[in-house]
Amino acid sequence: MSEELGRVRQLWHLLEPVHAVLYYAPEAFEEAAALGYAVDERWPSYFAWRAAPLGAAGADRVGETFYSFSPRMVGAYVPAVWSVASPDAVLAARGRAVDRAYQALLGDETAAPDTAEAAALLRRVAEAADTADRPMAAANAALPWPDAPHLALWHAATVLREHRGDGHLAALAHAELDPVEALVSFAAIGAARPEVFGSRGWDDEEWQAARERLKKRGLVAADGTATEAGRALRAEVERRTDEAAAGPWRVLTDVERERLVGLLGPLWVAAIGSGLLPSENTLGIGKV
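The opening position of the sequence shown corresponds to residue 2 in the numbering used here, with each subsequent residue numbered one higher.
Everything labelled a hint here was simulated from the structure, so no lab data went into it. Check each hint, because a few of them may be wrong.
What the hints assert, rightly or not - Restricting the straight-line Cα-Cα distance to at most 20 Å, the calculated cross-link-like pairs of lysine to any residue (SDA-like) are: (1) Lys216 / Gly191; (2) Lys216 / Glu206; (3) Lys217 / Val197.
Unchecked claim - Ranges between beta-carbon positions, derived for each pair: (4) Arg97 / Glu229: 23 to 31 Å; (5) Ala121 / Ala143: 14 to 22 Å; (6) Ile273 / Ala143: 28 to 36 Å; (7) Arg43 / Pro267: 40 to 48 Å; (8) Asp148 / Asp204: 42 to 50 Å; (9) Ala133 / Ala176: 34 to 42 Å; (10) Asp109 / Asp134: 39 to 47 Å; (11) Asp134 / Glu237: 41 to 49 Å; (12) Ser3 / Asp224: 41 to 49 Å; (13) Pro80 / Arg251: 20 to 28 Å; (14) Ala129 / Glu65: 24 to 32 Å; (15) Pro145 / Gly274: 29 to 37 Å.
Just so you know, these numbers come straight off a predicted model, no measurement behind them. The beta carbon of each residue, even a glycine, is placed where N, CA and C say it ideally should be.
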């Protein structure tokens, strides 16, 4: 991996937890409950928070853009989430949820000069992102920028993680990995235990069928672990993903990128140290 692509991946590893606290913070569940969503599980609010920038999208649209979830699972929540609250109402509540969650997580650091500096650098990167053929990034990039630095930081992180995610889907398509095959092949290299990927709604029969398809391609062994070819293919997927994500980061100088890594470090520590995020995740953070 080149130094540039290594830095791009490092920045993703730093930003992803900073973004993902929305889906786990108690303040976010309180805002979701106030809208009328069930909060005994995280999925009603997850689908609402993440899909709201797309508008009142149907299950097919959400399934395409989220990719890794089974159509059956998506259909259990979408479009029903829009009968509870409109996308505009969800977006307003999302902003309140992020504000409250960050206040709880960071305290006075939300208004600190370092937070404002990190937000300004990230905004430059996010505004440099080409969102053509990147539906999730484009939908978030079209939203108004918040004024408060900590909210602008979260918004920029969200645009950039969705920009990377959209590019990742293109890399999976190039590798001819359908949604469930993408998960099976990722589990096969040890990104997370197969049980963790059960959150995406595929049943055992679908998982085993995907494993058989990958086995016929020589990508997984009989025990479900990746073959050398399978590891090489997943490495190629990650390389293509890094390359697709690299463009906007070039708006910063090397010195600015290093400064941003330093600024994001304490935010990452706060997010990880909060105990809100799962120790294993479906994105392979810390594993790839």
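Where does the structure disagree with the numbered hints, that is, which hint numbers, in rising order? Failing hints, ascending: 3, 4, 7, 9, 11, 12, 13.
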